[in-house]
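**Student:** Residue numbers for the sequence shown follow my numbering, so the first one is 1 and each next one is one higher.
Don't take every hint at face value.
[Unchecked claim] Keeping only pairs whose Cα atoms sit at most 30 Å apart, straight-line, the calculated DSS-like set for lysine-lysine is:
id : residue 1 : residue 2
1  : Lys144    : Lys134
2  : Lys134    : Lys48
3  : Lys48     : Lys19
4  : Lys73     : Lys48
5  : Lys48     : Lys9
[To be verified] Computed beta-carbon distance windows for the label pairs:
id : residue 1 : residue 2 : range
6  : Asp166    : Tyr139    : 25 to 33 Å
7  : Leu164    : Lys111    : 40 to 48 Å
8  : Ser56     : Glu29     : 17 to 25 Å
Please keep in mind that the hints were generated in silico from the structure rather than gathered at the bench.
Small disclaimer: the values here were computed from a predicted structure and weren't measured.
Every residue gets a Cβ at the ideal spot worked out from N, C-alpha and C, and that includes glycine.
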Amino acid sequence: GKLFEPYYKALQSGNYMQKTVETRQVGGEAAPYITTVYRNGDDAYIIKEESYGAISEILIKDGYTYWFDKIAKTATRIQGTESLEAQRTLYEGEIQFVRNDVYNTFDDTYKCEVYSHGGEGEIWFCFNEFNELKNYRFYDAEKKDVITIGIEISLGTDGVSFSLPDGYEVIG
1 GKLFEPYYKA
11 LQSGNYMQKT
21 VETRQVGGEA
31 APYITTVYRN
41 GDDAYIIKEE
51 SYGAISEILI
61 KDGYTYWFDK
71 IAKTATRIQG
81 TESLEAQRTL
91 YEGEIQFVRN
101 DVYNTFDDTY
111 KCEVYSHGGE
121 GEIWFCFNEF
131 NELKNYRFYD
141 AEKKDVITIG
151 IEISLGTDGV
161 SFSLPDGYEV
171 IG
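Modelling step: build the complete structure from the supplied sequences, incorporating the hints.
**Tutor:** Below, the structure written as structure tokens:
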């Protein structure tokens, strides 16, 4: 669809920012968290902000994952890039436009483009009145429910450094 096309191109470029706002259950309470992923090819810088104030920062570079401790000024290094799983996977393989639709919340109405992906069901990209991507919806077979998350995608990484901060000791 025409609305999702610039976001699709940003994702395909490998040089983008993707921010998601999701909620998980912690001790029976809904706990929102924000995950911001900056990608530059195979490199990634991930910031995860929890509702209770904790912030985790991770760098993925050259086949290693670095977990930053800002207080101790250390970066714990482990081999592998499994931390990229923190980035919400929007779809696997190719997606195909199916139809336009509308998604209503208590206070907003969104224009949506609905896509199919590899026979795995539908995914919805929902846009506000300014045609800005705001929500991503999909059916979660495990939870047997439709999940809606807040989302932003933009081209480029706004000057994010994909290197270890100065003065940090690497452990591991």
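**Student:** Now, for every hint given, state plainly whether the structure supports it.
**Tutor:** Status of the hints after comparison with the structure:
For the given pair, lysine 144 sits about 23 Å from lysine 134 by alpha-carbon distance, which is consistent with the 30 Å threshold. Pair hint lysine 134 plus lysine 48 holds up; C-alpha atoms about 19 Å apart against a cutoff of 30 Å. Using a Cα cut-off of 30 Å, the hinted pair lysine 48 and lysine 19 holds, with the two alpha carbons roughly 10 Å apart. With a C-alpha separation of about 18 Å, the suggested pairing of lysine 73 with lysine 48 holds against the 30 Å cut-off.
With a C-alpha separation of about 24 Å, the suggested pairing of lysine 48 with lysine 9 holds against the 30 Å cut-off. A C-beta distance of roughly 46 Å is found between aspartate 166 and tyrosine 139, which places it outside the suggested range of 25 to 33 Å. Leucine 164 and lysine 111 have their C-beta atoms about 42 Å apart, which keeps the hinted 40 to 48 Å range intact. At roughly 20 Å, the beta-carbon separation of serine 56 and glutamate 29 lies within the given 17 to 25 Å, and the hint holds.
In summary, the one numbered hint that this structure violates is 6.
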